[in-house]
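Visitor: Chains P and W, in that order, are what the protein sequence lines are. Quick note, the first sequence lines up with residues 1 to 141 if you use full-length UniProt numbering. Quick note, the second sequence lines up with residues 1 to 134 if you use full-length UniProt numbering.
Don't take every hint at face value.
[Stated by the list, open to error] Here are the in silico distance ranges between beta carbons for each label pair:
hint: 1; chain 1: W; residue 1: 8; chain 2: P; residue 2: 137; range: 16 to 26 Å
hint: 2; chain 1: W; residue 1: 93; chain 2: P; residue 2: 130; range: 28 to 38 Å
hint: 3; chain 1: W; residue 1: 107; chain 2: P; residue 2: 141; range: 21 to 31 Å
hint: 4; chain 1: W; residue 1: 127; chain 2: P; residue 2: 27; range: 50 to 60 Å
Simulated from the structure, these hints should not be mistaken for laboratory data. Virtual Cβ for every residue (Gly too), placed ideally from N, Cα, C.
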Amino acid sequence: MANDSSDFARSMAIATSGLRAQAGRMRVISENIANADSTSPTAGGDPYRRKVPTFSSALDRTLDAQVVTLGKIKPDQSNFRVKYEPSNPAADASGNVKYPNVNSVVEMTDMRDAQRSYEANVNIISATRRMIQRTLDILKT
Amino acid sequence: MSINDLPVLSALRTKMQWHQERQRVLSENVSNSDTPNFRPRELVEPKFDKTGAAAGSMGPLAMTVTSVSHMTPSGAASSFDQNKNAGFETRPAGNAVNLEEEMMKSANNQMDYAAVTSLYSKSLHLLKTAIGKG
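Start from the sequences and build out the full structure, keeping to the hints where you can.
Guide: Here you go:
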């Protein structure tokens, strides 16, 4: 067998790819939350548009395993929130201001989900480390 | 006869390799827990016959290396069958990974591995005792 000694290392590398993807997802979520009230700098213009991270599974040839990668970060095409605020500099001719299509509840649940997946990957890494430790313990006999 | 030819040691070694491979498969499942259309995978546990050789778990047409100059066929590393009977539920995005289930499997895998490595150490200790050095 060719990959015997590196099998545990492969497990760790796969879990690390999961950590990286979830961390990227957290970055996108924090960007959305931070911009929840960012209006357009020009009158009547479009405000910040919510971003949605995508995941894809890819074959890593050096590892010979399915790792996960953060794919394209796509814009959310749902409608903007509209408020009637004639005094706002971003208001259009009829006095309406477009606010970003960010829903803080959706972002919070997404964040919890990302956190949970991240923890699961961390658990896999510590389990693998304990298994490596057990293998090394054979040497002590 | 080398030390690795002892039935008990070779059976334990196969079992350890299986746990190692299973950890990789579980790690793949967990890291892809948010990938659309990803289905989790699982390995079939190897069964051993009386001589300690793995029986029935290997592929029906496994290639045998009869000469040292033979190259190992690609993809031969995973010689354990995949378990396709695993029950799962699929989310709307087509992802069927259940994190709780995978965590349970990983914990089980780790504990079983610890048991096998302990048995391996004990077997080695037994050998030492037999040759009068324990």
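Visitor: Taking the hints in turn, state whether each one holds.
Guide: Consistency of the hints with the structure:
1. Roughly 18 Å separates the CB atoms of residue 8/W and residue 137/P, a value that falls within the hinted 16 to 26 Å.
2. Taken as a hint, the range 28 to 38 Å holds for the pair residue 93/W and residue 130/P, whose Cβ atoms sit roughly 32 Å apart.
3. Between residue 107/W and residue 141/P the C-beta distance comes to about 25 Å, which sits within the given range of 21 to 31 Å.
4. A C-beta distance of roughly 54 Å is found between residue 127/W and residue 27/P, which places it inside the suggested range of 50 to 60 Å.
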